[in-house]
Amino acid sequence: AQSVTQLGSHVSVSEGALVLLRCNYSSSVPPYLFWYVQYPNQGLQLLLKYTSAATLVKGINGFEAEFKKSETSFHLTKPSAHMSDAAEYFCAVSDQGGFQKLVFGTGTRLLVSP
Amino acid sequence: EPEVTQTPSHQVTQMGQEVILRCVPISNHLYFYWYRQILGQKVEFLVSFYNNEISEKSEIFDDQFSVERPDGSNFTLKIRSTKLEDSAMYFCASSERSRGDGYTFGSGTRLTVV
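Note that the protein sequences, when read in sequence, are chains F and P.
The first sequence maps to residues -16 to 97 in my numbering.
The second sequence maps to residues 190 to 303 in my numbering.
Note that these hints are calculated values from the structure, not bench results.
Certain hints may be false.
[Claimed, not checked] Simulated pairs of lysine-lysine, DSS-like, Cα-Cα distance not exceeding 27 Å: (1) P:K231 - F:K41; (2) F:K52 - F:K41; (3) P:K267 - P:K231; (4) F:K41 - F:K51; (5) P:K231 - F:K52; (6) P:K267 - P:K246; (7) P:K231 - P:K272; (8) P:K272 - P:K246; (9) P:K272 - F:K51.
[Unchecked claim] Calculated Cβ distances over 10 Å to all of chain F for the following chain P residues: (10) V201; (11) V208; (12) S216; (13) Q230; (14) S247; (15) D252; (16) Q253; (17) S255; (18) E274; (19) V302.
[To be verified] Below, a sample of chain P positions facing chain F; criterion: calculated Cβ distance under 10 Å: (20) M204; (21) I268; (22) S270; (23) A282; (24) T293.
Even glycine gets a Cβ: it sits at the ideal position worked out from N, Cα and C.
Produce the entire structure from the sequences given, and follow the hints as far as they go.
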């Protein structure tokens, strides 16, 4: 069964600092991997996705993530945090074939201080 | 940009009542999904639907739940006899293809069972 583990339910950074949100996955087959962002009282917005092409994936709002098979990781980074980045971030995994559901991690709340 | 539309945004219902949550997927999408997020917890898969039938369902999706595509545009989730623990945000999603990389999520319906 697939799963993702997000280390740290809360991450606090200062505005302008590096953002690093961790995600490790478990999958018996090559996975697709995703990062979603959820702002308060809103839905899920796709930040970026890995679908077996380039291992370094660039997304919206300056975020990027690197797929590392050897480490089974897909950490999300942003060089310089902005106040508007404060939100809940979810890592998710799915198989590459069939009618594939997404399996989400427990989420990491990013707090950005001035 | 095409959107998945969910109505209502918030519904309050009494325990034991039936509720229907409505979704309008993107018009050329063929795969439909419902997910649930209990407050403060991770997003969980409920059911996937393709070609007018359920393709996969989770353990959460018991006999109290049903889905339907009553016409060419709507996709509904019915909970027959709501329980307090059904209180959650329910997200509809649609996808053009079966792979997990093409999802678009709606903004959700917050269901409160009292």
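Hint check:
Distance check on the hinted pair: P:K231 and F:K41 sit about 24 Å apart at the alpha-carbon level, within 27 Å; holds. A threshold of 27 Å between alpha carbons decides the hint, and for F:K52 with F:K41 the separation of about 17 Å falls inside it, so the pair holds. Our distance criterion of 27 Å between C-alpha atoms is met by P:K267 and P:K231, whose separation comes to about 21 Å. Restraint check for F:K41 and F:K51: the C-alpha separation of about 15 Å stays at or below 27 Å, so the hint holds.
Proximity of P:K231 to F:K52 is assessed by CA-CA distance (about 24 Å); at most 27 Å being required, the pair is judged to hold. Restraint check for P:K267 and P:K246: the C-alpha separation of about 14 Å stays at or below 27 Å, so the hint holds. About 19 Å separates the Cα atoms of P:K231 and P:K272, which keeps this hinted pair within 27 Å; it holds. Proposed proximity of P:K272 and P:K246 is supported: the alpha carbons are some 19 Å apart, at most 27 Å.
For the hint linking P:K272 to F:K51, the alpha-carbon distance of about 42 Å lies beyond 27 Å, and the restraint is violated. Residue placement check: P:V201 keeps its beta carbon more than 10 Å from all beta carbons of chain F (closest about 16 Å). No Cβ of chain F comes within 10 Å of the Cβ of P:V208; the nearest lies about 19 Å off, and the non-interface call holds. Against chain F, the non-interface label of P:S216 holds: every CB pair exceeds 10 Å, the least being about 19 Å.
For P:Q230, the non-interface assignment is contradicted: its Cβ lies about 7 Å from the closest Cβ of chain F, within the 10 Å cut-off. Consistency note on P:S247: stated as away from chain F, yet its beta-carbon is not over 10 Å from all of that chain's, at 8 Å minimum. Non-interface call for P:D252 relative to chain F: holds, since the shortest CB-CB distance, roughly 20 Å, exceeds 10 Å. Every Cβ of chain F is farther than 10 Å from the Cβ of P:Q253; the closest lies at roughly 20 Å, confirming the non-interface assignment.
No Cβ of chain F approaches the Cβ of P:S255 within 10 Å, the least distance being about 18 Å, so the stated non-interface status holds. With a closest Cβ-Cβ approach of about 18 Å to chain F, P:E274 is found to remain outside the 10 Å limit, as its non-interface label requires. Residue placement check: P:V302 keeps its beta carbon more than 10 Å from all beta carbons of chain F (closest about 19 Å). About 24 Å separates the beta-carbon of P:M204 from the nearest beta-carbon of chain F, more than 10 Å, and the hint is not met.
Look at P:I268: its Cβ only gets to about 20 Å from chain F, farther than 10 Å, so that hint breaks. Look at P:S270: its Cβ only gets to about 25 Å from chain F, farther than 10 Å, so that hint breaks. Interface hint status for P:A282: upheld, as the beta-carbon distance to the closest one in chain F is roughly 8 Å, under 10 Å. Interface restraint check for P:T293: the shortest CB-CB distance to chain F comes to about 8 Å, inside 10 Å, so the restraint holds.
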